[in-house]
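> Those protein sequences? They're chains Z and F, same order as listed. If you read the first sequence in my numbering, its first letter stands for residue -18, the second for the next number, and so on. If you read the second sequence in my numbering, its first letter stands for residue 136, the second for the next number, and so on.
The hints are simulated quantities; they were obtained by calculation from the structure and are not laboratory data. Among the hints, a few may not be true.
[What the hints assert, rightly or not] Derived contacts from chain F toward chain Z, CB cut-off under 8 Å, selection only:
no., residue
1, F214
2, T216
3, G443
4, R492
5, P525
[Stated by the list, open to error] Some chain Z residues well away from chain F (every beta-carbon gap over 10 Å; in silico):
no., residue
6, F120
7, A138
8, P212
9, V215
Note that the structure is a prediction, hence the values are computed from the model and not measured. All residues carry an ideal CB built from backbone N, CA and C; glycine is no exception.
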Amino acid sequence: MILRGFSRPPFLRSEEPVDAMMRDAVFALLALLALPTVFYGPRVLLMAACTAAACAACEFLFLLFARRELRFPECSCVVTGLVVTMLMPAGAAFWIPALAGAFAILVVKMPFGGLGCNPFQPAAAGVAFVTLLRPAELFSYPDPAGGWLPLSPGGIAYAAAESPAAALRSGVRPAMAPLDMIWGRTPGPLGTTAALVLAACALYLFARRAADWKLTAGFLAASGAYAALFPRVVGSALTSLKYEWLAGSLLFAAVFLVTDPVTAPRTRAGKFASGAIAGVLTMFLREFGRFEQAACFAVLLANLCRPFLDRAAIAWTLRKGARHETGKA
Amino acid sequence: MNVEFFRGLRPQAEGPARRDAPVRELPPPETLLVPMPGARHAAFRAVKEGDAVAQYQPLSQPQTAAPACSPAAGTVEEFRTVDHPLLGPVLCAVLRVKPGGPAPARPPLLARTPEALETAARNAGILDECSGEPLYRLLKTFRRFGVPALCAWAAGEEPFPGGTEAAFLSAPAETASGLRLAADSCGAQECCVAVRDRRLLRVPWTEGAGLPELREVGARVPAWAFFEQRFRARGLRVGRVGAQACAALYRAVERGVPQVETVVTVAGEGVERPGHFRVPAGYPLRALLEASGLKEGARVVLGSPFTGAAAPDETIPVCLGMHTVLALPHARERRPFACVGCGRCAAVCPERLFPYRYAEHRENGAPLSHAELAAAARCGGCRCCEAVCPAGLALEEAVRLVTEGGTP
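Make a model of the complete structure from these sequences and hints.
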C-alpha cells in the first residue's frame, strides 16, 4: 500500500495502477529482447520499435477518427506491439509484425472500446491473423548461431533451421541440448526461446502483480499433464514434458498471453480453469493442428470461454455465500 | 504488499506512532465549539446565548440524538452552524470557558435494569464511536433483536493506531465494567474485548474472573467483518460497541458523569509528533494538529484510512465519536481507467462479492443475476475493493447503488 491524498475514501490505495502494470509488462518484454539482440543483432530491436510504433500510430489514428479523447496513458499498445514482435521469427519482414499489430489494434481492441473492453487478446489475434496469412514466413526461423542478421526492413534471405517445435511435430526428439533450450540458443520465435529469462520475467510480473499466477499455473499444469499423458517423442513422461514446455511459444504464452487480465476470467476458479483450457488446447492443436505454434489460437479459444467460466464461478460462490449467510442466523 | 490468499488486506504499518503510548492531556482552550447534534431547532436547545453553564450541564435535549453536555463551566456566547464531515451540518455552541475545578461527584445509579441503563446512556449523551450512533439507541436495537454476544471494539484503524485502542489501553478496567453494563442492558450472554494485540495491555488480565475474554483481531482489514465471521461460524450474532462508549457508560452509571471528552489518536506521516490525546468535545482540530506538529501540505482524514472522511479544513471542532485523525502526505489524484478485469476486488472482498460486476452494471447496464442482486446487501462498505482496484473505480458506490435500487 502507498499513502496518497485522495479526496474520497479509501485514502490508502494499491500502488499498482493500470499504467504501472503496463509499464511492468513493457520492462519485462524489453528484458526478453536482450538475448535475441545478442543472437540476431540490432535487427530485432528495430523490429520491436517499428511494431510498437505501428500499434501506437493505429491507436492514435483510431482515436482521431472516432473523435475520442487522445491519450496513451497506459502503454497497452506498446505491450501489444512488443508481444507481437516476440512471436515473430527474427528474420521476418517488418511489415508482418506491423500488420499483426495493426490488426490487433484496429480490429480486435479499439472497435470494442479499447483497453478493458476487448473480448480477445489483441496480440494473439494479430499473430493468428498473420499466421493464417503467411505461414511459410512465420515458421521459418534463422539459426541463432548463424550470426547477426542484416538491418534490412524487408524480407531477408537466410538458411532456415528446424525449430524444436517442428521436430516434435515430426515425432522426433529435438536435437538441441536442454541447456541450449533454456538459454534460448535454439531456432524459434525470437522472444519465446529463452526459458530462463521467461521464468525471471514471470517472477517479476507476479511479484509486481502485473500478471496473475493462477492463469500461468493452470496453463502449465494442464499442458504438462497433457504432455505427460500423451507424449509425442519416445521417452519418459518427464522427457516429453521437458521438450513440450521448452519448445515453441508455450512458456511465452503462459507468461504473457494467457495472463492478459482483460480477456482472462475475473474469478479465482475461472482463472485456473481458463488457464487449463488454454493449456490443453495448445497441446491438442500442436499435435493435431496445422501449425507448430498453436498457443495464439488456443488463447483465443480460451477467451471465448471467459463469460461462461465467470458466470459459473460467480453463481457457485454466491450460492455458497448465501448458504453461509442463512446458516449463521 | 497485500495478501490475497485469505481475502481482505494487510496494509503495511505506516508512521512511527506507538500504539501503547500514554494518553496525553492538552491545555484547555479559551473557547470550545461544542457540537449539538439534532438541536438545530431552538426548541431542542437547553440554553440560550449569554447563559452561564456549569460543567456537565446539558446544552441540548434533542428528540432523535443524545443530548450534548457542557465539557466545562463557562458562558454560551453564540450558536454557529458548522458543516462537519462526521456529523453533517450541525449546530455548535460557542462556549467561553471559565477556569475552575472539576464538578462535584454525583451518586451512582442504583437501578440497573435494562431500561434504566439505556436512560443513563441517553442522559449522559454517550455516542458509540464505531457506528456513530447514540449508545442508547444501539443498545435498544441489540435488545430488540436479541444479540447473544457483545464485543467492546478496542482495535485501531489499520495500519494506524486508533483512539478507541488507546482509550482501552489507558483504562481497561473501566471498559470491561462498561461492557458488562452494556451486556446487562441488551441481554447479551457473552462478552469479549476485541484488541489488535493483547501483548500491548500492560496490566494483568485474568479472563473469567470478572473480566471479559480478550480476542485478537490481527492486522487484516476489514477487521470487524472477519471478527464477525468467527461468530457467524458458531451460529451467533455479535453486537459491537466502541471501547470509549463502554468506558463512558461505566462513568455515567458509577459516577453520574456524562460523556464530554474523547480520546483522539493523531497518526500518519503528515505529523511530526503522533500520539494519543484526551480532549473535550468542541476542542479545535487546529490546536490538536498543532500539538502533533502537522506538516505542510498534509491531508487530514477523520477515522479509518479506508472508510473515513476527509476534513475540509482545520476549523472544525473535535466531536464525540471522533477517535482517529490521520495526516496523510498530499499526493496527486489518480485518474480512473476502465476496468481491466484483474479480479482483485473479488479476491479481497470479505463477503465474497464480485464488485466489478456491479461496476459493469452501472457503467454499461450489464445484467445482474438474482443472486448478485441479493448478495449486494451483504456489502459492509469496507472499501477494500476500491483500495486494491488498479483502475481506481468507485466500486463501493456501484454496489451501494444496486442495494438502494439505483438504475445505471
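> Return the status of the interface hint for R492 (chain F): holds when the least beta-carbon distance to chain Z is below 8 Å, violated otherwise.
holds (7 Å)
> Against chain F, does V215 (chain Z) hold up as non-interface, every C-beta pair farther apart than 10 Å?
holds (41 Å)
> Checking the smallest CB distance to chain F, is A138 (chain Z) really beyond 10 Å?
Label holds. Min Cβ-Cβ 42 Å, cutoff 10 Å.
> Would the non-interface assignment of F120 (chain Z) survive a Cβ cutoff of 10 Å against chain F?
With a cut-off of 10 Å, F120 (chain Z) remains clear of chain F, as the shortest Cβ separation is near 32 Å.
> Minimum Cβ distance from G443 (chain F) to chain Z below 8 Å?
holds (6 Å)
> Taking the closest Cβ pair, is F214 (chain F) under 8 Å from chain Z?
violated (30 Å)
> So, T216 (chain F) near chain Z? Judge it on the closest CB pair being under 8 Å.
violated (23 Å)
> Restraint: P525 (chain F) near chain Z, CB-CB cut 8 Å. Satisfied or not?
This interface hint holds because 5 Å falls under the 8 Å limit.
> Examine each Cβ of chain F, and state whether all of them lie more than 10 Å from the Cβ of P212 (chain Z).
holds (34 Å)
Hint check: violations occur at hints 1, 2; the rest are consistent with the structure.
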